[in-house]
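Given chain L, put chain G in place with the hints provided.
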Amino acid sequence: MSEAPGGGAPRAEPGSFRDPASRVFLTEDGGVLRALSPAGWEDWLALKESTAFAELSREGRIIGTSEANGAAPAIVSPPYAGVLRHERVPFVTYPYEWTFAMLRDAALLHLEILERCLGESLILKDSTPYNVQWRGTDPVHIDVGSFERLRQDEPWIGYRQFCELFLYPLMLQAYKNVPFQPWLRGSLEGIAPTEARALMSLRDLLRRGVPTHVVLHARLERRHAASTAREVRGELARAGFRPEIIRANVRRLRKLVTRLRWDPRATAWTGYREDNSYSDADADAKQRFVAVAAARRSRELAWDLGCNDGTFARIAADHARTVLAIDADHATVDRLYRALADEGQRRVLPLVIDLCDPSPDRGWRGRERASLVRRGRPDLTLCLALVHHLAITRNVPLGEIVAWLAELGGALVIEFATREDPMVQRLLAGKREDLHGDYTREEFERRLSEAFRLERHEESPSGHRILYDVHPRAG
Amino acid sequence: MKAFLAYLDPGTGSLILQVILGGAAAVAVTAKLWWHRLLQLLHIRRRSPATESEPRRE
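The listed protein sequences derive, respectively, from chains L and G.
Just so we're aligned: 403 in our numbering is position 403 of the first sequence, and the numbers increase by one with no gaps anywhere.
Just so we're aligned: 1049 in our numbering is position 49 of the second sequence, and the numbers increase by one with no gaps anywhere.
Honestly, the hints are just simulated from the structure, not real lab data.
Ideal Cβ positions, reconstructed from N, Cα and C, are used throughout, including at glycine.
Do not take every clue at face value.
Partial list, derived from the structure: chain G residues whose beta carbon lies under 8 Å from chain L [what the hints assert, rightly or not]:
#1 Tyr1007
#2 Leu1008
#3 Asp1009
#4 Pro1010
#5 Gly1011
#6 Thr1012
#7 Ser1014
#8 Ile1016
#9 Leu1017
#10 Leu1021
#11 Gly1022
#12 Gly1023
#13 Ala1025
#14 Ala1026
#15 Leu1033
#16 His1043
Just chain L, same shape as in the assembly (with noise of 0.2 Å):
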């Protein structure tokens, strides 16, 4: 293999520091190293050495990885005891841009890792969905530094951040309707006992999980806040504690998680693509248009935002590595999650994410989770019947959502409905009449070729909707 890392040293994934025996380091030619302590490198012996390990990896359910040494001398000195490769995911995301079918796909997948480890003596030292990652609708572990050896007095450490970041925010979706994201983004914490006890009604309290995991959790944690946990690790060793408490713990959650069920009621856009405003004719015509810009040329990386049911999405994908299939309805990416998942799709990465409010770098000097754009920009972004949402229903000035797309800086589909259009008419009829004078086809295509060069456009058959194929004027 061939391991020359490029010109300049690796340099540390701002994410990960949390745990010191395992650091992850980018080298300039996009590869993935993992440098890890003594202790760290011992561990990574044990895990290499299992079944489990090779199966799962195999299984695609742990990144691949090999050992890389030779690769990038400079980080392999004290502290470093030893360097892993691993391979990379096609995009980078956190669990407050997954649906809740997502975020129960990669509890279950932490578990059964745990569930296969356990019965080799290994286990995994934290539970944090932002070790997981996914290729289209597969989830994968990513976080190879987490393995460790299991003593056998040794207590599940990983248990309260698990009910955190996993059980608590699907509980919230399951339980209470409640959209979990918006909580995971607030507190890359999660949800802490205490406050998820907070949150359940009396009536909540019948639900499977509430009266253990959340009200006596709650209660325990509130009980022993002055006891460190040195001290009750000791009494527990000096209980008897055996992994098979662990274990028998760990097959009550996969019970628990795999009955959680989030069903939602239909949204205004879960039947939208069979309640709007096209002919049957608009529609052919405008797959046939995406169809022929996305098969220009194959690309890395596009983006579908407004996908809706994925219908282009998918077209994307067939000439595109990954898509990102962009949609700030919740109910609707989930079906759309478990649709692709069924298929067998694996290029498409459905994500909840509202373009108004996208995002943004978190954590530690902001650095810690990078910002959507920060992370990766399409080399194709599609566009389709979303601007006069943007535009009237969220009041973004037409300059502005051009100005953005141009900024993302791939070439762009785009469509633009007119005021004839009979969804516009109803999203202007809700407006104050004088507000959106400038939404006109004229301003729009103003605003476009200011920042694009126009490859085709196209009427619909109807004549109310307009699809553009532009590439960007600068570069």
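This is chain G only, laid out in the frame that chain L set:
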């Protein structure tokens, strides 16, 4: 001293809860745990000093 290298705060209540929820595997451990606590409460048994003297590393 690998046992104390955990970089996460496991939460003391969360550790105890695991034993309570551990089902059949945990019955004997739970009983012992509360028995030790009862003895401590009655001042029949002191807390083990060994577990308190080590430096904390979280």
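To see whether the hints hold, each was checked on the structure:
At its closest, the beta carbon of Tyr1007(G) sits 5 Å from a beta carbon of chain L; the interface hint therefore holds under the 8 Å criterion. Contact between Leu1008(G) and chain L, as hinted, is supported at the beta carbon level, the nearest pair being about 6 Å apart and thus within 8 Å. For Asp1009(G), the suggested interface contact is upheld, since its CB lies about 7 Å from the closest CB of chain L, less than 8 Å. For Pro1010(G), the suggested interface contact is upheld, since its CB lies about 4 Å from the closest CB of chain L, less than 8 Å.
The criterion of a C-beta within 8 Å of any C-beta in chain L is met by Gly1011(G), whose closest approach is roughly 4 Å, and the hint holds. For Thr1012(G), the interface hint holds, since its Cβ comes within 8 Å of a Cβ in chain L; the closest pair sits about 4 Å apart. Checking Ser1014(G) against chain L by beta carbon gives a least distance of about 4 Å; that is within 8 Å, so the hint holds. A cut of 8 Å between beta carbons decides the hint on Ile1016(G): the least distance to chain L is about 5 Å, and the hint holds.
With 8 Å as the threshold, the beta carbon of Leu1017(G) comes within range of chain L, its nearest partner Cβ sitting at about 5 Å, so the hint holds. About 6 Å separates the beta-carbon of Leu1021(G) from the nearest beta-carbon of chain L, less than 8 Å, and the hint is met. For the restraint placing Gly1022(G) at the interface with chain L, the shortest Cβ-Cβ distance is roughly 4 Å, inside the 8 Å limit, so the hint holds. The criterion of a C-beta within 8 Å of any C-beta in chain L is met by Gly1023(G), whose closest approach is roughly 5 Å, and the hint holds.
Residue-level restraint check for Ala1025(G) holds (minimum Cβ-Cβ distance to chain L is 4 Å; threshold 8 Å). For Ala1026(G), the interface hint holds, the least distance from its beta-carbon to any beta-carbon of chain L being 5 Å, beneath 8 Å. Taken as an interface hint, Leu1033(G) checks out: its beta carbon lies about 4 Å from the nearest beta carbon of chain L, inside 8 Å. For His1043(G), the shortest C-beta to C-beta distance to chain L is roughly 16 Å, which exceeds 8 Å, and the interface hint is violated.
Comparing the model with each earlier hint shows a violation of hint 16 alone; every other hint is respected.
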